[in-house]
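Undergrad: Chain by chain, the residues:
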Amino acid sequence: AQTVTQSQPEMSVQEAETVTLSCTYDTSESDYYLFWYKQPPSRQMILVIRQEAYKQQNATENRFSVNFQKAAKSFSLKISDSQLGDAAMYFCAYSGSARQLTFGSGTQLTVLP
Amino acid sequence: EPEVTQTPSHQVTQMGQEVILRCVPISNHLYFYWYRQILGQKVEFLVSFYNNEISEKSEIFDDQFSVERPDGSNFTLKIRSTKLEDSAMYFCASRDWALFNEQFFGPGTRLTVL
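As given, the protein sequences belong to chains P and E, one line each in that order. Heads up: the first sequence at position 77 corresponds to 67 in the numbering used here, and the numbers run straight through without jumps. Heads up: the second sequence at position 17 corresponds to 544 in the numbering used here, and the numbers run straight through without jumps.
In isolation and in its complexed conformation, chain E is listed as follows (with noise of 0.2 Å):
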């Protein structure tokens, strides 16, 4: 069964240093997305991407971040300038075109900030 993956799956980096996130969706899948999660709290939308552009972002993200879908498999996330708050499992998910909105998730690269 097709599966989104996402590398690596912990990562520690200091405050300050940039950090990229990266994720395979599911190959004929359109639609692409970042969550994160902070420990303990619920899980936040982040940004969409369709058609090699954002379609949706949310308030959390701001001019630190970016996506990037460099070639026809990965999906990235940037943080230019990490800071501690920004330690969080960060989710990357996919969903076909009409699939109920059902939305495959990958099992999350944990971010660690020092």
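For reference, chain P alone in the conformation it holds in the complex (with noise of 0.2 Å):
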């Protein structure tokens, strides 16, 4: 079974600053997709990005980008510029050939002004 861990329950930055998410997860499939999912506190999960393992360029939407090391089985988020919008628990996720979602166990992240 496919795992996913996020070792930072708890993350906080400055404003305009950048700050970096960790995830790691477990598999023996090849091919999968991987995601960064936002909650705020109105618990709405939202898409904040995705990654195909197939590739090898790294996912960007604007502020966030990703650094995907397929062999290290490692995904982290890296939030640029961060605003204070970007408060929420981030969830890393991983959809392989089940096709459901498996989340890891969330980071919640402050934006300090």
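Hints are computed from structural coordinates only; laboratory data are not their basis.
Below 25 Å or equal to it, Euclidean Cα-Cα: the simulated DSS-like pairs (lysine-lysine) are:
#1 P:Lys45 to P:Lys60
#2 E:Lys569 to P:Lys60
#3 P:Lys68 to E:Lys569
#4 P:Lys68 to P:Lys45
#5 E:Lys584 to E:Lys605
#6 E:Lys610 to E:Lys584
#7 P:Lys45 to P:Lys63
#8 E:Lys569 to E:Lys610
#9 E:Lys569 to P:Lys63
Assembling the complex is the task here: the two chains are given apart, and the hints tell you how they should meet.
TA: Written out as structure tokens, the structure is:
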């Protein structure tokens, strides 16, 4: 079974600074997808960014980018120019042949003004 | 922009009662999912549904749970006899057949079992 590990339960960052959230996963599959979801206090799950495992190029969405290291099974999220609205719980998630999402335990991000 | 909707937003019930949580997936999506999140914990997969039948289910999804697509738009999760430990946020999600496995989540139903 696949597992997803987020080792940082809480992180904080100064507004306008950069922060990196860590995620590692374990799988025997070669074809899969990785995602970062944001969950604000409303508890809505919002997709931030996705990465296809067959792509070597790291995904980027505006201020959000990932560092995908397939051999190391690592998938970190970098948030540049952090804004107050970025404060939320961030979940790393894996989707493979079974298609359902397996989530990590989350990282609570605080943005300090 | 199309979105997944869920009703009710909050459901309070007594232990032992049956509840039905409703979801309207995005109209052209073919795969449907239920997840739950106990307060302060991670999101856990319950069940996936495709072509009018369950395609995968987790060990959480026992005989107390059932899912149904009663018409062309709704997707429901029924809990037959609720327990205190069923208190959680329940998320419905749907996806297209080929869209990077990306699942679109509804806003969730908060279930409180007293």
